[in-house]
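Just so we're aligned: the sequence shown equals residues 1 to 135 in the UniProt record's numbering.
Some hints could be false.
Taking lysine to aspartate or glutamate and the EDC-like style, the derived pairs with C-alpha atoms no more than 20 Å apart in a straight line are [claimed, not checked]:
{"#": "1", "residue 1": "74", "residue 2": "54"}
{"#": "2", "residue 1": "90", "residue 2": "124"}
{"#": "3", "residue 1": "31", "residue 2": "65"}
{"#": "4", "residue 1": "116", "residue 2": "54"}
{"#": "5", "residue 1": "9", "residue 2": "44"}
{"#": "6", "residue 1": "74", "residue 2": "124"}
{"#": "7", "residue 1": "24", "residue 2": "38"}
{"#": "8", "residue 1": "29", "residue 2": "54"}
Hints listed in this document are in silico derivations from the structure and should not be mistaken for laboratory results.
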Amino acid sequence: MNDIFILPKIADSRGNLSIIEEMKQIPFKIKRVYWIYDVPGGVERGGHAYRQNEEFIVALSGSFDVCLDNGKEKKVISLNRSYMGVYIPKGVWRVMNNFSTNSLALIVSSIDYDEKDYIMDYEEFLQYSTTSDRF
Numbered sequence: 001m002n003d004i005f006i007l008p009k010i011a012d013s014r015g016n017l018s019i020i021e022e023m024k025q026i027p028f029k030i031k032r033v034y035w036i037y038d039v040p041g042g043v044e045r046g047g048h049a050y051r052q053n054e055e056f057i058v059a060l061s062g063s064f065d066v067c068l069d070n071g072k073e074k075k076v077i078s079l080n081r082s083y084m085g086v087y088i089p090k091g092v093w094r095v096m097n098n099f100s101t102n103s104l105a106l107i108v109s110s111i112d113y114d115e116k117d118y119i120m121d122y123e124e125f126l127q128y129s130t131t132s133d134r135f
């Protein structure tokens, strides 16, 4: 699995443009888009996994780290360019941290919000992850 996906970047003297299209740059249909901003220093976001949801995360502005854990292996991916993103398959624990001042994280999801899809307890996640093999 590639950790970082390079999105199309259309350079122009008036400003650059990048795009995300479902089933092209990302391997799923887009059902929900949300963003995280104004994160206080030292605060972490995430701290969960999904049973079904897949996500694609981009740092539209600033930088932050995405810490991934499939129950066997851990990876830290630093995002700091608006044309680079990380794909997170279902069943992977994620934590976002080290947010720079004025950072803006865009998250594209494969399903609508569903509280039942979340695995919020790390021990429960570890039990769940023994039955799956992600990244």
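How the hints compare with the structure:
In summary, the hint linking residue 74 to residue 54 is supported, as the alpha carbons are separated by about 18 Å, within the 20 Å threshold. Taking the CA atoms of residue 90 and residue 124, the gap is near 15 Å; set against the 20 Å cutoff, the hint holds. Under the criterion of a C-alpha separation no larger than 20 Å, the hint pairing residue 31 with residue 65 is inconsistent with the structure, at around 24 Å. For the hint pairing residue 116 with residue 54, the CA-to-CA distance comes to about 15 Å; that is within 20 Å, so the pair holds.
Only pairs whose Cα atoms come within 20 Å are accepted, and residue 9 paired with residue 44 is rejected, the gap being roughly 29 Å. Taken as a hint, the residue 74 and residue 124 pair is honoured in the structure, with Cα atoms around 17 Å apart against an allowance of 20 Å. Pair hint residue 24 plus residue 38 does not hold up; C-alpha atoms about 30 Å apart against a cutoff of 20 Å. This hinted pair checks out: residue 29 and residue 54 have alpha carbons roughly 10 Å apart, not beyond 20 Å.
When the structure is compared with the earlier hints, violations turn up for hints 3, 5, 7 and for no others.
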